[in-house]
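Novice: Each chain is listed here by its residues.
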Amino acid sequence: MSLHSQSGGRASAKAPRTAARVSVPDKGLTPARIGALVVLAGLLAAPFLLYPVFLMKVLCFALFACAFNLLIGFGGLLSFGHAAFFGSAAYVTAHAVKVWGLPPELGILLGTAASAFLGLVFGGIAIRRQGIYFAMITLALSQMVFFLALQLPFTHGEDGIQGVPRGVLFGMFDLNNPMEMYYTVLAVFLIGFAIIWRAVHSPFGQVLKAIRENEPRAVSLGYRTDRYKLVAFVLSATLAGLAGGTKAIVFQLASLTDVTWQMSGEVVLMTLLGGMGTLSGPVIGAALVVTLENYLAATSLPVPVVIGCIFVVCVLVFRRGIAGEIQARLGKKH
Amino acid sequence: MMGTIFGIPPQALFGQLLLGLINGSFYALLSLGLAVIFGMLNVINFAHGALYMMGAFVSWLLLTKLGIGYWWALLLAPLIVGLFGVVLEKTLLSRLYKLDHLYGLLLTFGLALIVEGAFRHQYGVSGQPYPIPDALKGGQNLGFMFLPNYRGWVVVASLVVCLSTWIAIEKTKLGAYLRAATENPVLVQAFGINVPRMVTLTYAFGVALAGLAGVLAAPIYQVSPLMGSNLIIVVFAVVVIGGMGSILGAVLTGYGLGLLEGLTKVFYPEASNIVVFVIMAVVLMIKPAGLFGRER
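Which chain is which? The protein sequence lines are Z and U, in order.
Heads up: the first sequence begins at 1 in this note's numbering, then just goes up one per residue.
Heads up: the second sequence begins at 1001 in this note's numbering, then just goes up one per residue.
To be clear, the hints were calculated from the coordinates, so they are not data collected in a lab.
The structure displayed is predicted, hence computed values, not measured ones.
Incorrect hints may appear among the rest.
Quick look at which bits of chain U chain Z covers, simulated, 3 or more residues with Cβ under 8 Å [claimed, not checked]:
1) 1011 to 1019
2) 1105 to 1111
3) 1118 to 1131
4) 1231 to 1244
5) 1263 to 1275
6) 1281 to 1290
Below 25 Å or equal to it, Euclidean Cα-Cα: the simulated SDA-like pairs (lysine to any residue) are [said to hold, decoys possible]:
7) U:Lys1287 - Z:Arg129
8) U:Lys1090 - Z:Val317
9) U:Lys1098 - Z:Lys98
10) U:Lys1287 - Z:Leu316
11) Z:Lys98 - Z:Thr257
12) U:Lys1098 - Z:Pro216
13) U:Lys1090 - Z:Val305
14) U:Lys1173 - U:Val1188
15) U:Lys1287 - Z:Val231
16) U:Lys1287 - Z:Asp226
17) U:Lys1098 - Z:Ile310
18) U:Lys1098 - Z:Arg129
19) U:Lys1090 - Z:Cys309
20) U:Lys1090 - U:Val1195
21) U:Lys1287 - Z:Tyr223
22) U:Lys1098 - Z:Cys309
23) U:Lys1098 - Z:Tyr223
To give an idea of the interface, some chain Z residues facing chain U are shown, with a C-beta separation under 8 Å as derived from the structure [claimed, not checked]:
24) Leu78
25) Ile125
26) Gly131
27) Ile132
28) Arg227
29) Trp261
30) Val268
31) Leu272
32) Cys309
33) Val312
34) Leu316
No residue lacks a Cβ here, since even glycine has one placed at the ideal position from N, Cα and C.
Full structure from sequences and hints, please.
Specialist: Dropping the structure here:
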């Protein structure tokens, strides 16, 4: 049986609902909307203040983490193999752009489509089990992708696909210009985020949450829960692929690092740290983890140990994550 | 000689089958530990691979720093890893039992990163050689193949450990308590049995098995901080294929998949890395609960 159905009410304490916001009627500028506008303005101005490559990395991983969060935070499904989608989209995009000479938009589209297909196959297999088994199955399947990436000729083994040309987007925007590249990535991120926001705040998202809270009850209400889970899985894989394909264009590289289980673990950490089941959490988590890794790279501290410690601390005392903790504090005041 | 079997020279075939059986021995020992821990704690121990690596490293450190040889390491390394397991369970894991089981997986994943990262930081990624003990050097000519003594010993030792664990759980009084506590811990506690201590000892025993596998592996594979990290994912697949409901199932699946992997190395080497995962996918399509599992 589903783990979340066993934990019943606790699941909602662990992952605070954002659903409460849905029914708030339009009243012009709510604090949430002002906040969103401030963040958007910040994102638009950011490349003038910070190093654009760093920001693009954050945005790619933020989208990746948001896609992952759609499954765990709103569907209660822990995928431990999301690097498979992120990485294979990166490979397909890089190959399409570098070898076939496709423009970047088509390359990213092709990579995303490849991830969507992979998500359909993996999702179809993985949703046959729940909870811990689901995590182990996704992990094992993604390890298979890792070995394929190691052995297939077009992925170039340990070297990966290097020197991917950024190209010209829609024949208009030269992506070799860091600013044009940045705003392209920002646009991709916002589109992905909007899709997730829409999905979560739709009847589909509500059913997904119902499945997370109590799957047998959702079944008894007549929902074909397997279909919902599969759609959520494919959507999540597709968006993870969108992030991976974009990353391949930004860094002009698709490598084995992108398909390792460590990468899958990293996206779990970003989401956990930021706050599972919140929309903004994964973005915060991604920004923090990428910043931390940049910082650690300059020191002699062993990165996996630090990441592991954050994992342990998050699981033991900080399960709501940053955004979840903030929401809970604000919620108490009302 | 016999010529060839399906176009393969018999030495190569049996050689790969032996290698498969060795790998299978480690799959069996590790999935046995995972199954025992999961049965009692409902935790999938992601740190299992890291603790297997720790077992190998402890025996290597015992030899190089203290001059303590293989046979003592066979006893001491599992004990040390088991004690480490007691500490982990008492201080960290025990806080999570009331939560969703996924948190146990996430916590042990973090622990695996810490343990592996620490050894990697200290000893680098290159493997350290561990000599085969004198008593097990050399080998036997079986007529159809050459069997190195140490490899034969690994197969026998893992079989003995797996079988005695199975007997201990299925046939002894302690095993009966264990099985009862797996089914209904509250009731067993009401009978005056210290269930929390039993949980701790179960975890310690499970990780000690991983440590033991590490000692057995040390002379065969190089002792390296990364030796456990890819292995554990294959073992997860093994566990999914076998289903964690039965101890014997976990063990049999371990050996069977090791052999199958060996056969794949002979007939289609390119697929040998992924064959276990493909089998897992096929099994999930046909029998989602696993070969020996039951839906829980």
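Novice: Using a Cβ cutoff of 8 Å, are there at least 3 residues of the stretch 1281 to 1290 of chain U near chain Z, or does the coverage claim fail?
Specialist: Answer holds; 4 residues pass the 8 Å Cβ test.
Novice: A closest beta-carbon separation below 8 Å is what the hint needs, so does Z:Leu272 meet it against chain U?
Specialist: Holds, because the Cβ-Cβ distance from Z:Leu272 to chain U comes to roughly 7 Å (cut-off 8 Å).
Novice: Given Z:Arg227 as an interface hint, is the shortest Cβ-Cβ distance to chain U below 8 Å?
Specialist: violated, 17 Å
Novice: Are the Cα atoms of U:Lys1090 and U:Val1195 separated by 25 Å or less?
Specialist: holds, 13 Å
Novice: Hint check: U:Lys1287 vs Z:Tyr223, CA-CA at most 25 Å. Holds or violated?
Specialist: Roughly 23 Å between the alpha carbons, so the hint for U:Lys1287 and Z:Tyr223 holds.
Novice: Taking only the CA atoms, is the gap from U:Lys1287 to Z:Leu316 under or equal to 25 Å?
Specialist: violated, 35 Å
Novice: Given the proposed pairing of U:Lys1090 with Z:Val317, does the C-alpha separation stay at or below 25 Å?
Specialist: holds, 16 Å
Novice: Taking a Cβ-Cβ distance under 8 Å as contact, does the stretch 1118 to 1131 of chain U have three or more residues in contact with chain Z?
Specialist: holds (count 3)
Novice: Between the alpha carbons of U:Lys1287 and Z:Asp226, is the straight-line distance 25 Å or under?
Specialist: Holds, at about 17 Å.
Novice: Between U:Lys1090 and Z:Val305, is the straight-line Cα distance small enough, at 25 Å or below?
Specialist: holds, 21 Å
Novice: Mind checking the alpha carbons of U:Lys1287 and Z:Val231 for me, to see if they're no more than 25 Å apart?
Specialist: holds, 23 Å
Novice: Given that the stretch 1231 to 1244 of chain U was listed as covered by chain Z, double-check it with a C-beta distance under 8 Å for 3 or more residues.
Specialist: Coverage by chain Z holds for the stretch 1231 to 1244 of chain U (6 residues, Cβ < 8 Å).
Of the numbered hints stated above, those contradicted by the structure are hints 1, 9, 10, 23, 28, listed in ascending order.
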